Amino acid sequence: MAVPIIESPRSGRVAPEYSRTSSSRGNFEMIAWLFMRLSGAILVVLIFVHLWTSMVAGDGINGVDFGFVAGKWASPIWQIWDLTMLWLAMLHGTNGVRVIINDYAEKNSTRMGLKAVLYASTVVIVILGTLVIFTFDPCPVIDGVAHVAEYCPTS
Amino acid sequence: MSKTLVPAGTLYRGREGQWSWVAHRITGVVIFFFLLVHVLDTSLVRVSPEAYDAVIASYKNPIMGLGELGLVAAIVFHAFNGLRVIAVDFWKQGPRYHRQMLWGVVGLWAVTMIAFSIRHLSHVFGG
Ligand code: HEM
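So the protein lines, in turn, are chains A and B.
Mapping of the first sequence onto the working numbering: residues 1 to 155, in sequence order.
Mapping of the second sequence onto the working numbering: residues 1001 to 1127, in sequence order.
Bound-form chain A, shown alone (with noise of 0.2 Å):
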């Protein structure tokens, strides 16, 4: 008699009530995933380059006032590197904590609630940042006084 030959698991075509990706979910969580290792590795090279501009170099922390900002930002450079820390931090730090209130809140209106209120502070957070970063003026004029620094024009 013939011996049977058992198919591995994964060989061949997965009945459609044994897939793991349902259709209306797409692959998101797979792609969310993904995200958070990318990001991270990226994060890290920003952020350490960041904490060291304004806690270690120069004065470190007692460096930091408005003129340091302005000094920063009179750079593209700086403008899309804080930029893209933003955007990055803010999406890696919303998927994780969105992942943190899928295994805790149980009751779905709870869940429901707690993410709609995440979803709506990163939202305001990520233009609120942004619209900082490209609208800044290093030498404003507030209530027709013009700010005083050295590298703004006088008269």
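To be clear, the hints were calculated from the coordinates, so they are not data collected in a lab.
Do not take every clue at face value.
Claimed, not checked - For the chain B half of the interface with chain A, some residues (derived, Cβ under 10 Å), not all of them: (1) R1025; (2) V1047; (3) P1049; (4) D1089; (5) L1108; (6) S1122.
Please read all numbers here as calculations on a predicted model, not as lab measurements.
Built from N, CA and C at the ideal position, the CB exists for glycine as well.
Use these hints to put chain B with the ligand onto chain A, whose structure you have.
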């Protein structure tokens, strides 16, 4: 001599893997909430230079200085351990050496934090 069987737990639960996961999760949430505040206070540069300098000046005291130290400690751990998680997932030998890599993470974290503490605390307490 009979050998008593003491369940050693699973490979994961209650061991380094689980504790590093707990630490990664807590530091991740802490950094996230800090980031929300950090974007808000930095946004004051768009209100006025005085508003920004006022809030930054309010951070320049020993309590906030120590808070900054704790925050950097959390970020450095999350960053190094995150690289370890990436190595476990993508490097062929990763799962095998995950425990050794965790001690590598803790060691690198300690060295980084000693160096940073000397620099930062001398700014905070040195005036
Ligand atoms: C410095 C570079 C960073 C690296 C290398 C990194 C790496 C990672 C990785 C690989 C994960 C996925 C863990 C998993 O799926 O099990 C993760 C999770 C997470 N990260 Fe990061 N991350 C970094 C920065 C940040 C920042 C800036 C934030 C906050 C804004 C953050 C918040 C989180 C949160 C909340 C989680 C979810 C933790 C969990 O599910 O237990 N991370 N990180």
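Hints, one by one, checked against the model:
At its closest, the beta carbon of B:R1025 sits 7 Å from a beta carbon of chain A; the interface hint therefore holds under the 10 Å criterion. Hint on B:V1047 holds. Least Cβ distance to chain A is approximately 9 Å, under the 10 Å limit. Nearest Cβ of chain A to the Cβ of B:P1049: about 4 Å, under the 10 Å cut. The hint holds. Proximity of B:D1089 to chain A holds as hinted, the smallest CB-CB distance being about 7 Å (cut-off 10 Å).
Against a cut-off of 10 Å between C-beta atoms, the interface hint on B:L1108 is violated, since the closest Cβ of chain A lies about 12 Å away. Here the hint on B:S1122 is kept, as its CB sits about 8 Å from the closest CB of chain A, short of 10 Å.
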